[in-house]
Amino acid sequence: MIGRTLDHYRILAQIGEGGMGVVYRARDEVLNRDVALKLLGHGALDRVGPDHLLREAQTASSLSHPNICTIHQVGQSGDDFYVVMELIEGRSLSDLIVSTGLSMETVTRYGTQIADALAHAHDRGIVHRDLKGSNVMVTPEGRVKVLDFGLATRMEREEISDVTLSYSSLESKLVGTLPYMAPEVLRGQKADHLSDLWALGVLLYEAAAGQLPFRGKTGFEVTSAILREPLPALPATVPYGLAAVIQHCLMKQPVERYQRASEVRAALETVQGATLQTRHPSEETRGPRTLVLRGIEHLAVKNKDILLLVGTNKGAFLVRSSRDRSKWDVAGPYFHGQGVYATAYDGRNGRHRLWVSANNMMWGTFLRSSDDFGKSWTNPLEASIRFPAESGTALRNVWQISLGRPDEPDKLYCGAEPAALFESRDEGDTWCLVRGLYDHPHRPRWMPSNGGLTLHTVLPDPTNKQRIYTGVSAGGVYRTDDGGISWQARNKGIRVTFAPEKYPQFGQCVHKIVMHESRPERLFLQNHGGMYRSENHGESWQEIGHDLPSDFGFAMLMHPHDADCVYSVPVESEEFRCTPEGRLRVYRTRNAGRSWEPLGRGLPDKGAYETVLRDALTTDALDPAGIYFGTRSGKLYGSRDEGKTWKRIVEGLPQILCVKAAVVQIDGVSTARMTTQQSKPARKKKSVIKSEKQKKSR
Amino acid sequence: MQISFHIPGALREFTEKKGTVQVEVEAGVSLLEALQALFAAYPGLRDRVLTETGETRRHVNIFVANENVRYTGGLATTVVPGMEVSIVPAISGG
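In the order they appear, the protein sequences are chains A and B.
So my numbering is basically just the index in the first sequence, starting at one, shifted up by 498.
Mapping of the second sequence onto my numbering: position 43 corresponds to residue 26, and the numbering continues sequentially without gaps.
No wet-lab data here; the hints were simulated from the structure.
Check each hint, because a few of them may be wrong.
[Stated by the list, open to error] With beta-carbon atoms standing in for the labels, derived distance ranges:
no., chain 1, residue 1, chain 2, residue 2, range
1, A, Ile1164, B, Thr61, 56 to 64 Å
2, B, Pro26, A, Ile1164, 28 to 36 Å
3, A, Tyr1001, B, Arg41, 51 to 59 Å
4, A, Gly1100, B, Arg53, 50 to 58 Å
5, A, Ile1164, B, Gln(-15), 50 to 58 Å
6, B, Val63, A, Lys688, 19 to 27 Å
7, B, Lys0, A, Arg1017, 50 to 58 Å
8, B, Pro(-9), A, Glu1149, 30 to 38 Å
9, A, Glu1073, B, Arg41, 28 to 36 Å
10, B, Val71, A, Gly1080, 58 to 66 Å
11, A, Thr995, B, Arg41, 44 to 52 Å
12, A, Asp690, B, Pro(-9), 47 to 55 Å
C-beta atoms are modelled at their ideal positions from N, C-alpha and C, and glycine is treated no differently.
Using the sequences plus the hints, can you model the full thing?
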């Protein structure tokens, strides 16, 4: 061919060979410029016929986008069909991945450009059909150019089965194409924009991990991996946000994927921003540490003290006692005037960090933390919990701060309003929206309850890193078994009282879910009317509240050492929502809900029309367990004998929204963020082990 | 041109305690562009005045001269030389 002329293109040299034919560098003798000329092989033409192919190439030539290789001309000279396109100097993405490996910043930068190219083409009805590393060129300036839009021939079902059966003897182009093919295409469906998004996911995975997600020695193995095998985990170096985007592209069901390339681009842009933030440690975005209120007399906290973190609608209070739990000091309000709907104490990895979500009615919701028991708090310049800009959603509040599993000591979760789950993998410095739940098809049909549309409960399974339960009002229980990629409604058997259908798949107004770490298959649930137990990871639920004065309530607490024992503070009916007959009683079951006993010694017997909200009942996990609760009228009660007798710790606080208890471990170091590598067993676990020993010796 | 912003007490921890700050913007810019210049100089203000979707927080009012911009075109309101912008928490409570 070299030296030949097709129309006014003089062929200079062969520069590549692909499934569609051979690519030459050619000289455009009219415009005096070098171009790439692809001479289409007869194999390709035979499959679909020259007319069809030319029509598609002509359509593709209408694309004009900085990340798409421009097609100048489609022509026919004698028997030869050819496509003339922009000559791109650079290397293919597959070359770059193999030879240098790519940084995460590069992966997102290239990915954004490819997604933008797809978005442009899809908007014009053009599907690529054969996106893969060898079809993406990167120029020396770092610009991505996607080649061969719309040029791939459609494979028929029989051809696909040929491919899978005789992978090793295939033409090289099919060997290169098969690992990028979407499951539905392998099943014989027509390739469309969603199968392009799958291919983009494969490409991003390959670029981030350095290898293809679905591999095999034969075509059959590759095909069956694509069709059936779960996505292999990405290396830990891949930031969470990027991993989530890739996973979302690689959902086996097309309807569960991103539905538009522009969504992928927007998600990658968000990740790009976060990657940059992570690269420059967030010290820059963390404002000055400030004393929040000069008037506060701070607590002097000692090792092994009991600390209660009390969130109210007008600020947070800290309450401490020595180990005997008889005398309590109170300090606060911290963040006075702000609603504190969630607090947490992180004692993992040698920390003694307090977390507070402070909701300022005017200025928004910010997560704040303190490593010196409230003397100083982080004061972030930028909100760390935020919805991606393209979601069009703005954070209203944070209802829950949950710690990750003890063996994942840098992991934290936040439950947000509007209902969404956020995850941090760097001890709370940066946060990422869990897209799998946010993009759940049920979400648009969740209904806000009285308190708003909130995700208020996050329960990681202590024995299964991939499994997390969440509670949404009013959406119900959702469980993931793949680390947050996909979520299923788990509400079978839970009744609703506010819709004609009594047992819908979702839409339940769940108030709280609890679990004991020794028995993760069993869950207890307080619903908006109705108490339930599940013995099978939430697959189905049985009612257990028959014995109670009312099965309506908000708070629910698992005993720290007894998987049969649960506490609750029932309130009278949906309308009244106060303790029945003005009698303040905590109820306890010690047989997993078969019967309940009232615990009232030390609690007011009359005139106490109280409400205990969903997170305002807690335990210090000592043995015997201390149980604490706060009321909407601002009273804080405690029991140091597992609920037998109660004492009022303090009254006159603003409306109590949440109470968390912790046993402080200081170990001689009392300030600053600790980055020690000496990981210690989590405090809670330690006390459980101890109590089990004690039980045995009794 | 210079625009003066009046900063409420609650946000002065992000403006070096100053109650009024000046930023330099080109003549005829929108309030949003003037705010962006303000946020660039004092980054702690951005997420407290606007939500992540770029809207003014519900209980925050912004006045250009003495007009609440909710009635003058919102963040597209044109800011002219000599005008003062006030960021004011709305009357609310609970």
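Outcome of the hint check:
| no. | hint | verdict |
| --- | --- | --- |
| 1 | A:Ile1164 <-> B:Thr61: 56 to 64 Å | 57 Å, holds |
| 2 | B:Pro26 <-> A:Ile1164: 28 to 36 Å | 34 Å, holds |
| 3 | A:Tyr1001 <-> B:Arg41: 51 to 59 Å | 37 Å, violated |
| 4 | A:Gly1100 <-> B:Arg53: 50 to 58 Å | 53 Å, holds |
| 5 | A:Ile1164 <-> B:Gln(-15): 50 to 58 Å | 51 Å, holds |
| 6 | B:Val63 <-> A:Lys688: 19 to 27 Å | 58 Å, violated |
| 7 | B:Lys0 <-> A:Arg1017: 50 to 58 Å | 54 Å, holds |
| 8 | B:Pro(-9) <-> A:Glu1149: 30 to 38 Å | 33 Å, holds |
| 9 | A:Glu1073 <-> B:Arg41: 28 to 36 Å | 29 Å, holds |
| 10 | B:Val71 <-> A:Gly1080: 58 to 66 Å | 44 Å, violated |
| 11 | A:Thr995 <-> B:Arg41: 44 to 52 Å | 31 Å, violated |
| 12 | A:Asp690 <-> B:Pro(-9): 47 to 55 Å | 53 Å, holds |
Consistency note: the structure conflicts with the earlier hints numbered 3, 6, 10, 11.
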